[in-house]
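**Student:** Combine the two chains into a complex, taking the hints into account.
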Amino acid sequence: MQIMKNKYSIFSLIKNAFSYHENWQRAWRDPEPKKEYEAIIVGGGGHGLATAFYLAKKHNMKNIAVVEKGWIGGGNTGRNTTIIRSNYLWDASAGLYDHALKIWEGLSQELNYNVMFSQRGVMNLAHNLQDVRDLKRRTHANRLNGIDAVWLNTEQVKKFCPIINTSPDIRYPVLGGTLQRRAGTARHDAVAWGYARGADEMGVDIIQNCEVKGIKRNGDSVEGIETTKGFIKSNKIGVVAAGHSSVIAGMVDLRLPLESKPLQALVSEPVKPIIDTVVMSNAVHAYVSQSDKGELVIGAGTDAYVSYTQRGSHDVVEGTLKAILELYPIFSRMKMLRQWGGIVDICPDASPIISKTHIKGLYFNCGWGTGGFKATPGSGDLFAHTIANNEPHKLNADFNINRFVSGDLVDEHGAAAVAH
Amino acid sequence: MFLINCPYCGERDQSEFSAGGEAHIVRPKQPTELSDDKWAEFLFMRKNIKGVQLERWNHTHGCRKWFNMARDTSNDKIHAVYKMGEKPPIK
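Protein sequence lines, in the order shown, are assigned to chains L and U. Just so you know, we're using the working numbering here: the first sequence kicks off at 1 and counts up by one. Just so you know, we're using the working numbering here: the second sequence kicks off at 1001 and counts up by one.
For reference, chain U alone in the conformation it holds in the complex (with noise of 0.2 Å):
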């Protein structure tokens, strides 16, 4: 449980928010040439990092909308949010 810093909103508790899982995963250009394990590798395989992981989140209970977010889950702190769209502030 932590506070999130929503780019629209500002500061709130991160029970108003649901988590999108990692970002920046391209859905693949030309689905119908897909092999197999790079659906596998889209739909299921993430890198689940232990430190700074780059994330989706929403603000569900707010204004409802997405932004990215660099949180490091050992400690759950929070390195930078921003926008979709946005080049990540850190690598």
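Just chain L, same shape as in the assembly (with noise of 0.2 Å):
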């Protein structure tokens, strides 16, 4: 079923306006579920969303169904610090984040949706010694993997983001850092509604509000879902929950290698134009970027414990925001606006799961931790293809289950040029 959707420009703009922008079309309907799909995608973030915008898309599913226990868009997707980049250590990361950030580069034209995708460059500062030679070695493992990325030496980086204390006499003093240009935020909302908009257009059902309180098995295959609108039937079910992925999971008493913690943000008061470009610093875990609206966007760490809570310690942003006042002086007297936090799901070796299970017809796409935003496009592309084909694509073939019995990790701990 094809809904034909108006096309965003500049004269739809211009002709909204005339009637008060009351009458633009609705984005993306509100359906109750069909009995049956070929496809159902358990999680309406951004993952989920761009998962069954690519099987509709690239794999001619049309009968998709989208079930989202709250708003779509609600949960880590909106609830993240909007940071794209690409510059992971290992070949399979690299492979998978620079395939996503190959499609961010043109997600907006993609969608016909202004995603803000923004490449303002992301720089991760080294402050000791082996943070220095970590980061060297990054650069010179991402130049090999074709993804751009310099090293710059302490004046450099105050050249770059003059804002920084990169005075000696600083507790962590900075001794240089690594830039990758095309790295860069995009505006996390849009990506929800860009998907969402383009799934619907092609014939998904979006379904909203709709918890999945089981899943149903016959023999070692799946036959559908559980949920608070009734029993959906379909024998493809591939998860994309985050932090509630173990929850899922356990409806089939299937376990999964994966912690689930709180994850917090914070953002300031509006200013004017101050830093335009992301800096993060993981010796002293804090990082910063600018809104659009001009609010800092800060990250901080991870509460050390499994909660579901969706707030995180004061501790965790005191320390944080300690870091940040170190490193930028200039931020002294900010306020602090609003501090939230998400709950991520955290692998032991700090990489995702893009996967099959042993259950026929069920897929996972969890465990992206701290860090799954910027591979929205990348990890619904690949998860579309892993469901579509029953096959993972060479992309995230890496990235299977059965690596935790082979112990063939991918360990980014460490390496991925942040803290977890």
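Since the hints were derived computationally from the structure, they do not count as laboratory data. Predicted model, so just to flag it, every value in this text is computed and none were measured. Quick reminder that beta carbons are idealized off the backbone N, C-alpha and C, glycines included. One or more of the hints may lead you astray.
Taking lysine to aspartate or glutamate pairs in the EDC-like style, the calculated list, with each CA pair at most 16 Å apart, reads [as the list claims (entries may be wrong)]:
#1 Lys69(L) / Asp30(L)
#2 Lys62(L) / Glu36(L)
#3 Lys1047(U) / Asp253(L)
#4 Lys360(L) / Glu38(L)
#5 Lys229(L) / Glu36(L)
#6 Lys1050(U) / Asp253(L)
Covered stretches of chain L, as calculated for chain U (at least 3 residues, CB under 8 Å) [said to hold, decoys possible]:
#7 245 to 258
#8 393 to 407
**Tutor:** Now the structure itself:
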């Protein structure tokens, strides 16, 4: 079922201005679930919606549903710090994240939806000798994989982002940094909305306020899902439930190598443009960028214990802000406006799982931990491929569940340019 | 962020403690005979419960002793604290 959407353009903006923007077409429908689908995606975040979008677009599946417990993009998609980069150390990760970055570069056009992708660069700072060695090694590894990366010395860091305190007498002095110029940020809500609109246009049913209560099995294959809106039949179920992946897996007694923890972010009051890039700092765990509204967007660390409360601890925020103030004394009188948490599912090797399971027709896309937003388009594309073909794409073959049995881990812990 | 009633020191701020993950995972008695699947189960697979979870904690910035806790991970409420070697008071 094809639903024609009016194209968004400067002309549609002008036309709708005449009717006081009261007659915009609905971006997606609000359908009741059908009895049966070719495939069901559990989880209406960016990754889930992107999966449905690419299943419909590239794999010619039209009868697809996305079921979402809350509202689309209300989970981690709307809670992250919107950073996009692909400067990962290992070949498997570099392939995965750069695949996503290449899709990001044309995503607004592909979706006819402005995701406000801004390649403002991401700079990672080094604060000690080991940082310098690790980051230089990563720069070389990136370039061997065709990913742009440069090493900057302290003066070049200061020149690229003048508000950083590069004085040698701070607690963790800046000894240099790496820069990926193709990296940047995007508007996170727009990513969910753009994919939802695009998927809806191709007939995907996006069913919100519909919680999965159970997965029905027949022997070693799936038959459908029990939800708060009744039973929905399908023999292909893709789960993209982020922090709640273990909860869904528990419904079929599947154990995953995941721990769910709160990860926090906060924004300041809006100010005039002061920082035109993204600066991340692994050793002191602080990263900052500035939104188009002018707010500083600051990412903190995870709480070190399992929790499903979407809050996080005050001392974690305090630690991050101490580091921010040491590096950017100019922010000392800024007021923080909002703070929130999202539940991230972390794998022991800090790499995701995009995989089949031992149950036929059940697929999992999880374990993105603290850095899933950047991978949204690539993750959706590769998960769609995995579901449609019942085989992984070569870019996500290394990210299977069996790596925890074989020991062939993609160990990005500490290598991924950010502490987890 | 919450308060934890350390069985040795009494009620202290959670930031004094370190979480040690899921409790009662027994180290395999005969590691040399373990299959890869069982190793993976022991090393990596976790229940990651949303609800009451039994877990290990260490009072890192206090007595430095390990103990167990039954905590509801959906609201961080602690239902029981019990010493290492003791049976969990709730299932």
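**Student:** Checking against the hints above, which ones are violated?
**Tutor:** none
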